[in-house]
Structures are given as C-alpha cells and as structure tokens.
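Asker: The chain contents come next:
There are 2 protein chains.
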Amino acid sequence: MRRRNPALQVSKRASLTPPSPIRKLVPLADRAKSQGAKIFYLNIGQPDIKSPPEFLKAVREFRHPVVAYENSQGNPLLREELVKYYKRNGISLKSKEIIVTTGGSEAILFALMAVCDPGDQCLIPEPCYANYMGFASMAGVTLVPIPTDPKNGFHLPDMHVWEKARTEKTRALVVVNPNNPTGTVYDKRELAMLDQFARSHKLFVISDETYREMVYDGAVHHSFLNFGSPSQHVILVDSLSKRYSLCGARIGCLVAHNKSVLESVTKFCQARLAAPTIEQEAAIAAVKSPKRDIEKIRSEFMKRRDTVISSLQNIPGVFVRKPEGAFYCVAKLPVNDAEAFSSWLLTDFRDRGQTLMLAPANGFYLTQNGGLDEVRIAYVLKSEDLKRSMTLLKTALADYPKKSTASL
Amino acid sequence: MRRRNPALQVSKRASLTPPSPIRKLVPLADRAKSQGAKIFYLNIGQPDIKSPPEFLKAVREFRHPVVAYENSQGNPLLREELVKYYKRNGISLKSKEIIVTTGGSEAILFALMAVCDPGDQCLIPEPCYANYMGFASMAGVTLVPIPTDPKNGFHLPDMHVWEKARTEKTRALVVVNPNNPTGTVYDKRELAMLDQFARSHKLFVISDETYREMVYDGAVHHSFLNFGSPSQHVILVDSLSKRYSLCGARIGCLVAHNKSVLESVTKFCQARLAAPTIEQEAAIAAVKSPKRDIEKIRSEFMKRRDTVISSLQNIPGVFVRKPEGAFYCVAKLPVNDAEAFSSWLLTDFRDRGQTLMLAPANGFYLTQNGGLDEVRIAYVLKSEDLKRSMTLLKTALADYPKKSTASL
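Note that the protein sequences, when read in sequence, are chains A and B. Positions 2 to 409 (my numbering) are the ones given, in order, by the first sequence. Positions 2 to 409 (my numbering) are the ones given, in order, by the second sequence.
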C-alpha cells in the first residue's frame, strides 16, 4: 500500500484532500477584479449582513493589557451564555457539555477524530458540505455517500439505503441540518428514522446545526439532541458564523452529553491551547443580544431565497426546487460542465463590466462526476444584487454555448 | 487490530491522546484559588509582559461593519509584513511561502498532516513539547523519541543515535529551537548534523522556531531555512504568541519553499476556511512595530532566567543547567514523583497563603516513566514573583517528605 519512494513527497492524505470548490476559482476572480470587473460573489456563504453592534462594541472595548490564553474548553462566561441560548432554542445543556471551538470547522475536525480512527467510515448524504471532505482526509476518515435526489429536494432516502451503505467500519452518520449545500431541512420523520438507525447500530451522529435558525415558511427545526434520551450518541457541531454574521470571528462549539466524547475533545483542545480570546469575549455580548435580531435576519434571507429561486425557475433549462432553510441552493444548469461555465464567467463573460462567481457543485459530491451540471448558489447578498446576479446568469447562459463553441 | 466492540466508544486515537501536562492540574489550581490561595503560575508559557500597544490599538480601531472571512492563506498585508520580519531576521522569503495559521498550534498539525500518513513516524528529541504528542495522536503519527541528557543541557546526541532510530516509516524530524521545554539552543554544528542527516535520507525537517529571538548571552539563533539551498525539505512552524506576548490572539504561520507542501497546507487551510480576521489585521501593526521592543523583552527574560536558575541551583537536591534560550527550564527535583509533588503544592502546601503551580515533566516524555522527578518551569513572571516562587519551592521541598510521609 505504501508508495515506493515516499521521500520528500507530501502525504497521501494531503494529495487526496480536495481543493475547496468554494475557493478554488478565487485566482480567476482576483484576476477579473484586477481587470476592473465587478463580481457578485455567490460562491461563498459570507453574508453581507452587519455583525452585531454588541460584538463590535465589545471588540472596541477590549481593555486587557495582555491578550492571554483563554481556557482550552472556552471562556466560562461564553459557555454560560451558550447554555441560555440553547435553552431558548429548546435544548437543555450544562455548560460543561459545551466546548468552544475555533469556528464550527474545528468542531467538525474534533468530532471526526473523537469517534473515528484512520480507516473508519462515516455515512453522509450527498451532495455534502465540501469542507467535510477536507476534514475527513485530514483525519484519515472515509466518507461514504448516501445519494439524494434533486427532484424531491434532496430529502433523505429510506432506511434500507442507509443499511446497505453501512459496514463494519461505519462509526458515525454526519447530518447537516438545515443542509449546506442544498438548503434542505429534514423533517421529524426523516430524523426519527436516522435516530433509530444510529441507535440500533450504536453509531454516533455528528449533527451540524449551524443553520438552525435559518428555516423558512414557518418550518420548525428539530435538533438531534432532542430525539429521545439518553443522547449519548449525538455530537452537535455549531457555529456563530452565519447566525450572527461573524464568519471571520472563528467561534463555534461542540456539544455532547457523552462524557468520553467531551474528555476526548478536551484533550484535543488542550493540544491546540485555546480558541481566540478577543472574539470569545466579544461573542458573549453577541449571544446575549435579543432574539428579534435573528428573526430580522431570517426574514431577510427568506426574501433573498424567494428572489433567487423565482429568478432561477424563470431561466430556460435551469432546475431548482425551493429549499426550506440555510442560504444555499443547488441548481442544475443547462451546461455539460458547470466548473468550465463558472470559470468562463470569470475569465470571459462581462455584462456592463459585471459578472458573477458560483461554486461548481461537483466539489460537493464524493461520487466521481456527481453534480457536473450543478452549481451551489449562496444567496448572501442584498435582493437588489441578487436580482442583478440572476439577470447576469440568464444572459451568460444564453451567451455561453456560442462563445464556448466560438473559442474552439 | 480493531477493538472487538467499537460501538459508541471514542476512537483509539482519542483514548491515546495524552492530557496536557501543562493544563491537567488546572482543576486543582482552580480549587486552591477558590479557597483564597495566591498561586504563582509557572506551569504555562503565558508571559505577563504587555501585548504591543500597536496591536491593542488596532483591535480597538477595528471598523469593518462585517467580521468577514479572511483569505484562507492569511491576510495579504500580514503576509507581506511577515516577509519583512523574516528579512530582518536573515531569512529570505516570498509572501506566497508564508501561510497564516490559527496559532503555531495549527501550523504544527498541518505540517504533520502534510508530510505524514497515519502510521508514519517522526523523530523528536526528548523531552519534547507535550502538545506535539497531542497533534501526533490526532494525525495518527508516531513520534519516536531521541534521548537527550540533562547533564549536557539536553543537547543533541550524535548522528548514529538518529540513524539507529530511523526506520522505513520515518518521514520527518521535529526540531524545536530554542527548545520547549528545555530552553536548549542548538548550535550550528548540531543543526548542520541534522540537516545532513535529513538530506541524506530525504526526510522533512519540521523546524519550530517560535522562540527564535529568545536567545541569551549573545548566542545566535540559526534558522533551519538557512542551511544550504535548496531547502525543499524544511517546514518552518512559527508563532507570534511568545514573541509579541499575544498568546490569546492565535496567530502563527507555516513557512516552506516546497511548492507541494504549500499546496497541501493550502487545501487544509481552505477546509477550515480562515484564521481569525480581527487578530490578523491587528497583527500587521504588531509585526511592523520597532525591533527594540523585542530586545527589551529579551533582556527581561534573560534577567528572569538568571533569577530562576541561580535560585534553583541553591536549593539542595535540585539539578538544573542554565538554558540558552526560550523561557523554560527542566529541573530535576529531590522527589520520586514530581506530579504528586506538583499536585501537593496545590492541594496542601501554603506559605503565607501562597503556593505555586509547576508542570510535571513526565508529560513531556514519550518514554514511559521518563522525567518522573523533573518539572518544567516557565519563567514568565516578573523577577520579584519568580524570587518569591523559588522561595516557596525551596520551603515546599523541605516540607514535602515529612508531610508526604505523615499522610501515609
């Protein structure tokens, strides 16, 4: 199995780690920008919504003369505030069950490492959030895709599909709910099915609920921590990034009732010393901030979703279903290769000096050639910009075959 | 090799990850503190020196309305400032060869993952910085200890010792210089020997130079990046934490000339999205700050070292050699079990309501029962506090055998 001459070569896991489909076209975008193009960035889940004023105020008022290490498991006051936050959202926790991480990213990596050894497997619905692929490579874990169907809004297949995918090496299911990249919100029946499946085979569930509050049309989000008791098998992965528009603050958390999981993650946390001090202190103020801010953000995103979906559904050859949550959708385009099209948008297409950046969806598939004609669209810009982006997309798709053929 | 019943158990790597010897006694310290004891913390490399005013000013002046993701490889201006910093320190780099990480910690983890697959080995002088053990467990990498001798100040053994430890699975050497926990600064001859060894077997060198500027008595620090050209085998791990007294900012970097290594680490960086935005912006101001600050810090630490070492050498039964750099020393105490003694300091010993916290050195050894009678002392407090700490240590050691026997 080992390479014949591994000397001074990077590791197999490094070679196998995929580049981010969200960020791999950035060099093309940078070039377009330097040439004076105006780009609408729909590739990345970076909302343009302002960060909470309470957070920014706390940053400006940071008065400690020494920026010292925080506790490895997180600022105790922040953990207390998170207990209250979860309580408001119907989840009952003790502060020692919450470990603050450097973004939801670190929580994902630590969760995978806590329950999987190299060679172990996790089941994950496909398409899946691409960064899980990066973390799985880093941790030596194999993600096994569970196919979902765009036609029924990427909802989960029946238990027999999961049963069939399970092997002796399966240690956990990964469920991102609301989903990134599809925007699907799983209903109670789907989650109960997964919970039963996990319990019957004694599998962990890594439940990524970053987009918990981003559910629309009156839908209710069900946390995996609330499916019966005891929930020794559930590891919650969470983040303040999207909910509070604090992507750059890198504050997330990992939540579990399972003591062995908490002890394991604590040891990982000790190795990396601590999450950033200033943001943790400022995050206390953000988490304390009144709930109505979240509702304002939710209704803003719902408006944006409606703008994007109705525009997309009016473009000939595009297929997309209205997603129930998060701020993403996966749309099928009338092109053979959505990555070539997304690159061409940045290198060749301009309309009044403007273009847009998309994330080719193939990078969200574990299955080779999956989603080749799909893109992920993050509806994170204000409606006016989204409207213009959709007009640009429509124009570009109408232009694309001609230009593409012409350049042959 | 697999456990018979892995269901709902944490991973083997999680079980095998050691708790931090620096932080494992924290619960005892917290209890002592809550009982009103004044504790001198010599267990952790958290200097009491003020963070740069330029950094704190930049934090207070953070004016962006959205705390957005930074580039995955780091803030471009910070990378430019780091190029200038390295140039001032005799290391010539391009900005694309510097990747900003969330503390030196993340740089260590990414370096190990970039060059090692699970099951691969790295050679490391022992005692070694304990957190390497945590990261190695997480990455599934085996650290193979190269023994060093307190009698000659923990300097490196000859090449035949390294040759003997090398196997088919060895992928890299890890060198922390100046060393944590020993304070040893390796001289040019030692480093040239390692460089020759690494080149002849095509091994990577992970060179942790976090304490680069903390060298005393006019000693010169030699960076591994400056040992001949090309340095395709060298990965530099670095941090602003100690140099700028910014431990809680979590800003470090990984430096390499090797393009494949940079590409691999970039993919890991993309998976975790970005290092914290606010600290990166503020770090620009810190790195720009005039060099003399570093010299002031260096002379302060040299004074502290002299205070601690001369006090230690005057305690009966204690053995320690004067270290050449960093702000740590490993001292042999006249006790059988330094961890029991360190715990007893927190649970039982008080002198005028005061006690001190040490890091038992066994946790810095890969070899079972290594360093059982040793502690790591971080001389990070002001001289007055260090003097008092050393008096407390002397008193405690004189008291300890009696009390310890009495409690049997």
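For the record, the hints were derived by calculation from the structure and aren't laboratory data. Bear in mind that the values here come from a model prediction, so they are computed numbers and not experimental data. Fair warning: there could be bad hints in the mix.
Same chains, same label: a pair holds when it works inside one copy or across any pair of copies.
DSSO-like cross-link-like pairs, simulated, lysine-lysine; straight-line CA separation at most 30 angstroms [as the list claims (entries may be wrong)]:
hint: 1; residue 1: Lys383; residue 2: Lys304
hint: 2; residue 1: Lys152; residue 2: Lys39
hint: 3; residue 1: Lys34; residue 2: Lys289
hint: 4; residue 1: Lys58; residue 2: Lys260
hint: 5; residue 1: Lys260; residue 2: Lys25
hint: 6; residue 1: Lys395; residue 2: Lys88
hint: 7; residue 1: Lys189; residue 2: Lys58
hint: 8; residue 1: Lys383; residue 2: Lys203
hint: 9; residue 1: Lys13; residue 2: Lys170
hint: 10; residue 1: Lys97; residue 2: Lys25
Asker: Please sort lysine 383 with lysine 304 into within, between, both or neither, judging by C-alpha distance up to 30 angstroms.
Answerer: Classified as within; 9 angstroms inside a copy, 58 angstroms across copies.
Asker: Within a copy, between copies, both or neither: where do lysine 189 and lysine 58 come within 30 angstroms Cα-Cα?
Answerer: For lysine 189 and lysine 58, neither the intra-copy (39 angstroms) nor the inter-copy (50 angstroms) Cα distance is at most 30 angstroms.
Asker: Within, between, both or neither: how does the pair lysine 97, lysine 25 come out at a Cα-Cα threshold of 30 angstroms?
Answerer: between (38 angstroms within a copy, 16 angstroms between copies)
Asker: When no copy is specified for lysine 152 and lysine 39, does a C-alpha distance of 30 angstroms or less occur within a copy, between copies, both, or neither?
Answerer: Classified as neither; 34 angstroms inside a copy, 66 angstroms across copies.
Asker: Tell me, please, which holds for lysine 34 and lysine 289 at an alpha-carbon limit of 30 angstroms: within, between, both or neither?
Answerer: between (39 angstroms within a copy, 28 angstroms between copies)
Asker: Could you place lysine 58 and lysine 260 in one of the four classes (within, between, both, neither) given a Cα distance threshold of 30 angstroms?
Answerer: Neither: 36 angstroms inside a chain and 41 angstroms across chains, both beyond 30 angstroms.
Asker: Up to 30 angstroms between alpha-carbons, please classify lysine 395 paired with lysine 88: within, between, both or neither.
Answerer: Neither: 45 angstroms inside a copy, 50 angstroms across copies.
Asker: Since the copies are identical, ignore which copy is meant and state whether lysine 13 and lysine 170 lie within 30 angstroms (CA to CA) inside a copy, between copies, both or neither.
Answerer: both (20 angstroms within a copy, 13 angstroms between copies)
Asker: Checking lysine 383 and lysine 203: alpha-carbon separation at most 30 angstroms within a copy, between copies, both or neither?
Answerer: For lysine 383 and lysine 203, neither the intra-copy (44 angstroms) nor the inter-copy (53 angstroms) Cα distance is at most 30 angstroms.
Asker: How do lysine 260 and lysine 25 come out at 30 angstroms by Cα distance, when the copy is not named: within, between, both, or neither?
Answerer: between (39 angstroms within a copy, 17 angstroms between copies)
Comparing the model with each numbered hint stated earlier shows that hints 2, 4, 6, 7 and 8 do not hold.
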